[in-house]
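If you're matching them up, the sequences are chains A and B in order.
Going by the numbering used here, the first residue of the first sequence is number 1, and it counts up by one from there.
Going by the numbering used here, the first residue of the second sequence is number 182, and it counts up by one from there.
Be aware that one or more of the hints could be misleading.
With a straight-line cut-off of 30 Å between C-alpha atoms, the simulated DSS-like cross-links for lysine-lysine are [claimed, not checked]:
| # | chain 1 | residue 1 | chain 2 | residue 2 |
| --- | --- | --- | --- | --- |
| 1 | B | 560 | A | 123 |
| 2 | B | 212 | A | 176 |
| 3 | B | 369 | A | 118 |
| 4 | A | 117 | B | 231 |
| 5 | B | 518 | B | 369 |
| 6 | A | 118 | A | 89 |
| 7 | A | 176 | A | 165 |
| 8 | A | 123 | A | 90 |
| 9 | A | 181 | B | 231 |
| 10 | B | 222 | A | 176 |
| 11 | B | 546 | A | 136 |
| 12 | B | 546 | B | 447 |
| 13 | A | 118 | B | 395 |
| 14 | A | 177 | A | 123 |
| 15 | B | 380 | B | 395 |
The hints are simulated quantities; they were obtained by calculation from the structure and are not laboratory data.
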Amino acid sequence: MDRVDDNVLVGGIREGNNQMLNIVYTTHYPMIRKLVLDNSGSEAEAKDVFQEAIIILHENINTKGFNLTCKIKTYIYSVSRNIWLKELKKRLPQTKDLNDHIQFVDINRDFEKHEEKKLRLNKINQALNEIGEPCKSILVYFFFNQLTMEEIAAKMGYTNADNAKNQKYKCFKRLKKLVLK
Amino acid sequence: MSKDNNISSLDIEKYFDGELNKNERTRFEEKVETDAWFARKVRDHHQIRKDLTIQGNRYRIIDDMDEIHLKEFGGIPYLKVNSPEENCTEKDSLDLLGDKNAKTNPFQSTGKFVSVKIFYTGIGVAASLAALITLGSVWVAKQKEHQEVHVNSGYQDLVMEESGEGKDTNNKARKLRTIDKSIPGLSKTYVATAFAIAKNGYFITNNHVVQDCKSLKLKVKGGVGGWLEYDARVLLNDTLTDLAMVQIVDSNFMELGILPFTFSSKSVMMGQDVYTLGYPKKDIVMEPGTLSSTTGLMGDTTAYQLAMSLNSGNSGGPIFNTKGEVVAVVKGKHNGKEGTGYAVRADYMLELIQKYEAANDVVLKKPKYNQIQYKSRVKQISHIRQFVFLVEAEK
C-alpha cells in the first residue's frame, strides 16, 4: 500500500471517509497485534486494544481544537500501549512495563479523559440494558440509529409520531434516573 | 417564579429536541438562569444525550472496523487458551465423560499461540462437489427412528451426502483419510451445518447428522480464501428432538471470539420473519423465511414449521429471528411440499446444554449479550457467519 500522508488521513477520518479508516486500520493493526501478542495477550485482545485506540484517535480527531502532535503511528502505538499495560496491571499487579522497542509518547491526558468517558458510557449501556422494552428500542433507534420519530413510530407500532415522542420523553426520564442513581 | 412551575422535567428533552414553542423556550431558559438546581438537571440531561450520541457513533465505528478486520485479517480471532482454571474445567469434563477415544486434548496445548491450519480449497474441489450435487438421490435419512416415523409422511432430513466416488482425486486430505480406512468404499461423507453455542468449541447440530459417524470435522471459511478445518466429536445427543452437541477436539483450535448472538427460549409467534445460515453448497448461504406454524410435522410440539426453502446441507443450521437470537435449529423438510421446513425449538437446545452442564459439572461460556439486536440483517449476518460451521460426518 502506498504511504498516505498523515494530514490526508486525519482530514479523511474527520470527513467520515471509510477509505481512510481502512488505510489507518490495515497499516497499523499488525504493529499492535505484535505488541499485545508479545506481551501475553491473545489475538482477540489485540483486536480489542487496537479498536479502542482507533476509537480514541477517531473521537479526538473530531474534537475541536485537537492537534495531532506526533505521527498517527506513534499516537496509535502509545494509546494501545497504555491500554494494554493498564489491563495487564489489573490482571497481574506485579506487571511493571511492557516488553517492546518502539518509541512512544506520553498521552496520559488524552487517556485519562478517555477513561472518564468510558465510565460514563458504561453506565449508559448498563442503564439501557436495565430499562426494558419498549424504552430500550425507542432510545436506541433514536440516539444510535438516528431514526426519525416517524420511522420509530412505524417500527414500534405507534399510531403516530407524537405518541412515540411522548413515549420517548418518558423513557428518557427513566434512563436518566438509572444513569444518575 | 410561579410561572416556572409550568416547566416539567419532561420539557428538558423537548427543549433539546427543539419541540418547545418560542414562549416556552424563553421561560425554560429563564428558569435555567435563575434556578441553579434546575440548571444542574438540564446539564446532566444534556450530558446523557451527548453520551448516547457518542456511544451510537462508537457502535458505528466498531461496526466499520469489524468489517475491515474481517476482510483484511480474517474472521476469527483465535484466542490462546492460557487461563489455568479454564484448562482444569475442560480437562475434568473430558475425564468425566470417560472418553478414552479422544486422541488429543486441545486444552492441554502449550499455551503458545499456534498459527491456524488453513486448507486452501482449489477449484477442483468445488467442481467435484457441484458434480456430486447433480448426481441427485442425496436424501438419505440415516436415522432408523426417523425412517420408521417419517417414511410415509414425506419427511426428509437435510443432510447432504457426498458420494464416495470421484472426490479423492481432488482433495489430498480426503485421499489420506480413505487410505486410513479398512474398507474405503463403504464410507460416505455427509455435509450439514453446526453453530457455536460457546466460544470454546461447543456446537449444536442435528443428531441425524452425526449419529454413528466414524469421524467428524467442523469447517469454516477463514484466512485468505481458505478453510479452517478441525476434528470434532459428539458429546451428547437426543434422538427425540434430533439435536446433538459436538465439541472441537483439535490441537489447532484455540477459541472463538465472543458470540454476538444469544438464544431465545421464548415462543416465536406465527408469521414472524426468520432466517437461517447453512451449507446447502460448499459455501455459507442465507435463507430467509417465515414461521408458519408453532408445531412441526404431525403436531410435533418440539418443533416449528417454517415457510422456507431448505435444502440438504441446511440440517443443524440456526434459525434467527429479526433480533438475531437463535430461536430454533433446522432439522428437516417435507419432501414434495415446497417450502415446508421443520426446526427444533431453542428450548430443547437449551435443555440439552443444561443436561450436559449438569452431568459434567461445567458451565459453558454461553454469550450473555446480544450485540446485533439493533443491526440490519446484513450486518447481523456479517457478525454471525463466522460462528456457523460446515459439518463433515463420515459414516
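Okay, the hints, checked on the actual structure:
1. Of the pairs offered as hints, the one joining residue 560 of chain B and residue 123 of chain A holds, with about 26 Å between alpha carbons and a cut-off of 30 Å not exceeded.
2. About 20 Å separates the Cα atoms of residue 212 of chain B and residue 176 of chain A, which keeps this hinted pair within 30 Å; it holds.
3. Of the supplied pair hints, the one linking residue 369 of chain B and residue 118 of chain A is violated, its CA atoms being roughly 54 Å apart against a limit of 30 Å.
4. With a C-alpha separation of about 11 Å, the suggested pair residue 117 of chain A and residue 231 of chain B falls inside the 30 Å cut-off, and the hint holds.
5. For the proposed pair residue 518 of chain B and residue 369 of chain B, the alpha carbon gap of about 27 Å is at most 30 Å, so the pair holds.
6. A threshold of 30 Å between alpha carbons decides the hint, and for residue 118 of chain A with residue 89 of chain A the separation of about 18 Å falls inside it, so the pair holds.
7. Pair hint residue 176 of chain A plus residue 165 of chain A holds up; C-alpha atoms about 16 Å apart against a cutoff of 30 Å.
8. Taken as a hint, the residue 123 of chain A and residue 90 of chain A pair is honoured in the structure, with Cα atoms around 20 Å apart against an allowance of 30 Å.
9. Distance hint between residue 181 of chain A and residue 231 of chain B is fulfilled; the C-alpha atoms sit about 18 Å from each other, no more than 30 Å.
10. Our distance criterion of 30 Å between C-alpha atoms is met by residue 222 of chain B and residue 176 of chain A, whose separation comes to about 10 Å.
11. The suggested pairing of residue 546 of chain B with residue 136 of chain A holds, with an alpha-carbon distance near 26 Å, which does not exceed 30 Å.
12. Between residue 546 of chain B and residue 447 of chain B, the direct Cα distance comes to roughly 21 Å. Compliance with the 30 Å bound is thereby established for this hinted pair.
13. About 51 Å separates the Cα atoms of residue 118 of chain A and residue 395 of chain B, which puts this hinted pair outside 30 Å; it is violated.
14. With a C-alpha separation of about 11 Å, the suggested pairing of residue 177 of chain A with residue 123 of chain A holds against the 30 Å cut-off.
15. As the CA atoms of residue 380 of chain B and residue 395 of chain B are separated by approximately 25 Å, the hinted pair is consistent with the 30 Å bound.
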